[in-house]
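A.B. asks: Model the full structure from these sequences, guided by the hints.
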Amino acid sequence: MTERPRVRGPASYAGLRKGACGIREFFLYSVQEGLLFGILALGVFITFRCLNFPDLTVDGSYPLGAAVFALMMYRGYGPIAGVVGALAAGALAGLFTGVLHTFSRIPALLSGILTMICLYSINLRIMGRPNISLSENLGHRTIFVILRDAFPTVPEVYVRFLFLFALLVVLKFLLDAFLQTEIGLSIRATGDNETLVATQGINPDDMKLIGISLSNALVALSGAMFAQYQSFVDINMGIGMVISGLASVIVGEVLLRGKTIFVMTLQVIVGSVVYRLATAVALNWGYSIGFKPYDLKLFTGILVIIILSFPVLKEKFGKA
Amino acid sequence: MLKLDRVNKYFFRNTQDERWAVRNLSLEVRRGEFVTVVGSNGAGKTTLLNLISGTYFPDSGRIFIDGHDVTTVPAYERAKYLGRVFQNTFQGTASSLTIEENLAIAYLKGKRKGIRMAINEKMREYFRERLAEIGLGLERRLKDRVGLLSGGQRQALALLMATFGNPKILLLDEHTANLDPKTGEKIMELTTRLIEENALTAIMVTHNLQDALQYGNRTLMMDEGEVVLDIFGEERKRMTIQELLERFSELRHKKFAEDRALLSS
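Top to bottom, those sequences are chains P and Y. Numbers 1 to 320, taken from this note's numbering, label the letters of the first sequence in order. Numbers 1 to 265, taken from this note's numbering, label the letters of the second sequence in order.
Hints are computed from structural coordinates only; laboratory data are not their basis. Some hints could be false.
To be verified - Each pair of labels, with its calculated beta carbon distance range:
1. P:103 - Y:143: 36 to 42 Å
2. P:54 - Y:123: 31 to 37 Å
3. P:239 - Y:185: 55 to 61 Å
4. Y:77 - P:92: 26 to 32 Å
5. P:288 - Y:178: 47 to 53 Å
6. P:314 - Y:114: 41 to 47 Å
7. Y:180 - P:92: 48 to 54 Å
8. Y:12 - P:262: 45 to 51 Å
9. Y:143 - P:80: 35 to 41 Å
10. P:81 - Y:112: 28 to 34 Å
11. Y:55 - P:117: 33 to 39 Å
12. Y:12 - P:131: 50 to 56 Å
As the list claims (entries may be wrong) - As a list, the in silico DSS-like pairs of lysine-lysine whose alpha-carbon atoms are at most 30 Å apart:
13. P:172 - P:259
14. P:172 - Y:143
15. Y:168 - Y:3
16. P:314 - P:259
17. P:172 - Y:111
18. Y:3 - Y:237
19. Y:122 - Y:109
20. Y:143 - Y:80
21. Y:168 - Y:111
22. Y:3 - Y:122
23. Y:109 - P:259
24. Y:237 - Y:254
25. Y:111 - Y:3
26. Y:111 - P:259
27. Y:168 - Y:109
28. Y:80 - Y:111
29. P:297 - P:316
30. P:172 - Y:122
31. P:292 - P:316
32. Y:143 - P:259
33. Y:122 - Y:143
34. Y:168 - P:259
35. Y:143 - Y:186
36. P:172 - Y:109
What the hints assert, rightly or not - Residues of chain P clear of chain Y, computed beta-carbon distances all greater than 10 Å:
37. 54
38. 149
39. 170
We put the beta carbon where it would ideally sit given N, CA and C, even for glycine.
C.D. replies: Below you can see the structure in the form of structure tokens.
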């Protein structure tokens, strides 16, 4: 038997590469990653859906969160401090994009790209080299290590799964509540109708700054959690993250109907999990049809293109 | 209540396309006046409203609302003095938000936004009350998204939102122009009722000369960025559309060029 070549691809699927892996583990690992990226997708949801601001900062703020977290681990801080640091760094990155857009009047897409490219250098400076490991041997006790030691009788995969699930549920409900507060409502109104918001005495620029900052704080949190999940930070881990976040959002919208906030954030989470399962299936079993890990971005891109084109195709080529 | 002092506004200033949209315009509107503004396309009617609301700042001159100099106050800050309804029925509301969320945005106008829940039961009660008054059954649809409403319903909602908290001045920018005549009439009824009940000062831009004379208590006619005719009191009561058009030709030595106005009069 020739062994399947194990291609070093995107460090996600770390779980899958651990070797002997049954269908249940396969499922659990994919769902775990769906939950991890669900945090990022919630961030993307805030900008793309609530604020109607296509924010590409994500590709930079995601590794920023991971880099800041790793730096703080190396400096001897615990994982809670690391996560707080990542949240703050992400919010700052978002604020920077927001200021480019609202103060310098740079178009939304360009503002995000500018921050993203600046962050590439900044992330390298934070990390000191293109990739770094978090290791117990170096005294880095990530949240997952702490949890594993706290529940020694429960298999690690379940501990991780339950923790990530609980974290995402808490974040979902916090976000749901926030979007119904005075500021949250003002943010959503800004994304819908800026003229109205101004005539109702709300400064739309303020709402954009708050929304974009919050979004990137969540994205950076996702990066910090993923750094702990795979015990590894890579400078290129952010490439294409905004599109995979968007893919999660729109896959969720296709799968679940509804426009209430509760349903919309649920769409994002379900979308993220389904999207990760789909990519994991493509990676695991797509090998026989020549699918390689490096085809993943193409897969994601085509998926997003198809879903976004669907309404137009349906209209042009008759009733489906 | 509102005072404009020698206000000028240019578009594309210092280019070949320069247009002098509002020319040395001075205007005083007293408390409780309901002013209708007519004029052909490009006369500066909407520019006038945009200057009052702060969408644009004037190139020279000063604007006062209730004694406050607002000439350079940004739109969102002077919004506390103003309510505004637009011609485009999608502009006065947020379509993706529910009726109660839209009303909450208007209800919270002028208040500092925090992380309190935006809507509570007491507010809902107030919203139902106010919606019941406009008689469209919207009080039973608080959680429906505004995008599901008809143009007339959206405009009624926008009107209600614009009058929340009794603004110093209500600005109406051809707010019935995109509605069918019957709905437009209903919205005009609602408009006058809300203005009377709340004793509001209002400025209504319209293309409909009939409406301009029928509603309100003062009429301004604009042409090329100037107010060319300002009628009120007995003179206005006796004025007919025909006379209004004649007065215009006398003053400006040209015909009142407005197909829409003539067709709809």
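A.B. asks: Kindly indicate which numbered hints from before are broken by the structure, ordering the numbers from low to high.
C.D. replies: Result: hints 5, 22, 31 and 34 break, sorted rising.
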